[in-house]
Structure formats: structure tokens, C-alpha cells
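Heads up: the sequence shown runs through residues 1 to 309, numbered per the UniProt record's numbering.
Just so you know, these hints were derived from the structure itself, not from any lab. Keep in mind that a hint or two might mislead.
Lysine-lysine pairs mimicking BS3-like chemistry, simulated, CA-CA at most 30 angstroms apart [unchecked claim]:
#1 K193 - K204
#2 K253 - K161
#3 K141 - K98
#4 K205 - K193
#5 K251 - K263
Label pairs and their calculated CB-CB ranges [what the hints assert, rightly or not]:
#6 K67 - K10: 33 to 41 angstroms
#7 K10 - Q129: 47 to 55 angstroms
#8 K135 - A24: 33 to 41 angstroms
#9 S63 - K239: 50 to 58 angstroms
#10 K135 - H112: 32 to 40 angstroms
#11 K204 - A16: 45 to 53 angstroms
#12 A262 - A24: 36 to 44 angstroms
#13 P249 - I165: 42 to 50 angstroms
#14 K248 - R66: 38 to 46 angstroms
#15 K243 - A173: 15 to 23 angstroms
#16 R266 - A16: 51 to 59 angstroms
C-beta: ideal position from N, C-alpha, C; glycine also.
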Amino acid sequence: MATVMQRIVKPKTQAAKRALEVRAPKLEENDKVAMFIKGGHTSETITQVLKELYLLKKPNAISFKRKNIMRPFDDQSSIEFFSQKNDSSLFLFGSHSKKRPNNLVLGRLYDHHVLDMVELGVVNFRSMQDFPTEKIAMGTKPCLVFEGEAFEQDHEHRRLKNMLIDFFRGVKANNVRLQGLEHVLQFTALDGKVMVRSYKVLLKKSGSRTPRVELSEIGPALDLEVRRTRLASDDLYKKACKKPKKGKPKKVKNVKTDVFGAKMGRVHMERQDFSKLQTRKMKGLKRQAPGDTETAKKAKTESSELAES
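The task is simple: from the sequences and hints, build the whole structure.
See below:
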């Protein structure tokens, strides 16, 4: 059997070189890009859902305008090809059929191979146009809220929660100011469904330094039911989450961090010699040299002999 040799791609232009550098592995990866793909047959509901979720995911999103006839649960080759071509690790595929009406497939890839997939059915949908309120700006980092015991107890819902965090987390940020917290996405697991709600945060006057917070629903509002899942094995999932050694912070000896984030260290010292300890200087407690004690004894004996004579 003939072996297949991997072709090494060498850039011929500076633009191609920069593009390959962007796609190259890094210690801190780029923000994840999601592909929004239409199936061969779609309904108006699925088309609108893909459009509005694409607006929430922008600018880290790619919308496919043409229809693509594929079945992700039967053959993943097309999705893996699109992932490698667009340097994308997330996808949302929408389709509609009599057997599976208003169908969404949410998935993610590892090394351009499908890792996890969850098939969701849209039971109820309300568009952004049904909420006549002011919308949020594009690219706003959302605050994700998860409610329901299923997200903590059920294995499939736990993995779905992790996928939703990957999909909607937005740009990586170390610090977020209060005025920058404008968007809230709420996911509620109840009675076998996952309900998605989108809110705009309103900061109003409260008569004190801390503003009064109110939530205004801006849409879209989705009620989803879990239909099928294809999750990665624990070994493969652990491998995908593995961090390189160079990216891990170096461990400092004898230094720990408590629950409040304060550093606590242990200092090792040699045994202290108390004979050399400097105390308070007083004439009565002044130390005498060994030679001074002998002269003092001689002077004392001479004074006593003179007193007897």
C-alpha cells in the first residue's frame, strides 16, 4: 500500500505568508469563528434563526449564502472541508424536513475534525423584530447565564453547556467595566427543553453610586429540544482540552493562594543564635570582656586586704 506524503505549503507572497501565520498553532489561540450553513431545504423559521444568531456572533462569524446539501450526522467530510478552508472551529447547520422540522445542528471541531455535535429542534421562535426596543452594538461581549439542574447533572446537557459557552463567549477579556456589560444571554433547561433568551442591560439612576439594573428583552427568543447527540469520547475530549506546557504558569515553591486570591508564602530561616542577639543598651547590663573580669577581681581582693590592715 502506497504511503501518502503530506505536502508542505510554502507561501509565494507576503499576503499568503501572513495568512499562514494567522492559522498556525499558538499558545493563545485566536477567537473562535463560527460557520452558519444552510441545508438543501430550509424553512423561513430556520433562515431567520440563522440570520439573527449570525448577528449575535459577528464579527467572528461566516454566513454561507448558498445552500449545501449535507447530513452532518451521516457524513462530516463537507463540514471538515469548510472548516479547514475558512479556519473555523464552530458551526451551526440549519435544515428542515418532514421527519425533523426546523432542525439545527450545533457542533465544534478539533484539528479540523468534528468533535461534538448536538441536534436541536426549534419548537418556538420569536424574532428580534417582535421586540420593538433598542438593540445592542455588534461585537458586544455577552454575559452568559445558565439555569436548570440538567446543566449540572446530565452528561449531555453539561457538554451542551460547554458548547454554548464556546459559541457565544465572544472576545477574550481580562477585565470588563460595568458600562460594557450590555448584553445578557440566558439559557434555561426545563422539561427536556432549552430556552434561550436575550436581554439588554439598562443602568438607571438609583440615588446612590451603584446604579439600578433592569433587563429589557430584545430577542431572539428560542425554545429548543434536544433530538440527537454525537459527543466525543472522554479521552479525545481530554486531549482537545489539553494545554501546552509552555502556556502553563510556572509553579512557585512554598507559595499558595487562598480562596480570596491572596498569596500565602512560607519562608525558611536558619536557627537563630540568641547569644548574639542585640538587646537594649544599659550600663548595669553591660557585658564585660573576659580580661576585664580578672582585673576587677584583683582590684576587689586588693581593696579587701587594705581594709583588713
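Hint-by-hint comparison with the structure:
1. Between K193 and K204, the direct Cα distance comes to roughly 34 angstroms. Violation of the 30 angstroms bound is thereby established for this hinted pair.
2. Restraint check for K253 and K161: the C-alpha separation of about 36 angstroms exceeds 30 angstroms, so the hint is violated.
3. In summary, the hint linking K141 to K98 is not supported, as the alpha carbons are separated by about 37 angstroms, beyond the 30 angstroms threshold.
4. For a cut-off of 30 angstroms, the pair hint linking K205 to K193 is broken: about 37 angstroms separates their Cα positions.
5. Restraint check: the Cα-Cα separation between K251 and K263 comes to about 13 angstroms, which is no more than 30 angstroms; the hinted pair holds.
6. About 36 angstroms separates the C-beta atoms of K67 and K10, a value consistent with the hinted range of 33 to 41 angstroms.
7. For the pair K10 and Q129, the beta carbons lie near 50 angstroms from each other, so the given range of 47 to 55 angstroms is met.
8. About 36 angstroms separates the C-beta atoms of K135 and A24, a value consistent with the hinted range of 33 to 41 angstroms.
9. Between S63 and K239 the CB atoms are about 31 angstroms apart, so this pair departs from the stated range of 50 to 58 angstroms.
10. The given range of 32 to 40 angstroms is respected by K135 and H112, whose C-beta atoms sit roughly 34 angstroms from each other.
11. In this structure the supplied range 45 to 53 angstroms holds for K204 paired with A16, their Cβ-Cβ distance being about 52 angstroms.
12. Distance hint check for A262 and A24: the Cβ-Cβ separation is about 39 angstroms, which falls inside the suggested range of 36 to 44 angstroms.
13. Range check, P249 to I165: Cβ separation about 22 angstroms, and the 42 to 50 angstroms hint is violated.
14. A C-beta distance of roughly 43 angstroms is found between K248 and R66, which places it inside the suggested range of 38 to 46 angstroms.
15. At about 19 angstroms, the beta-carbon gap between K243 and A173 stays in the expected band of 15 to 23 angstroms.
16. At about 54 angstroms, the CB distance of R266 to A16 agrees with the hint of 51 to 59 angstroms.
In this structure, the earlier hints numbered 1, 2, 3, 4, 9 and 13 are contradicted, and the remaining ones agree with it.
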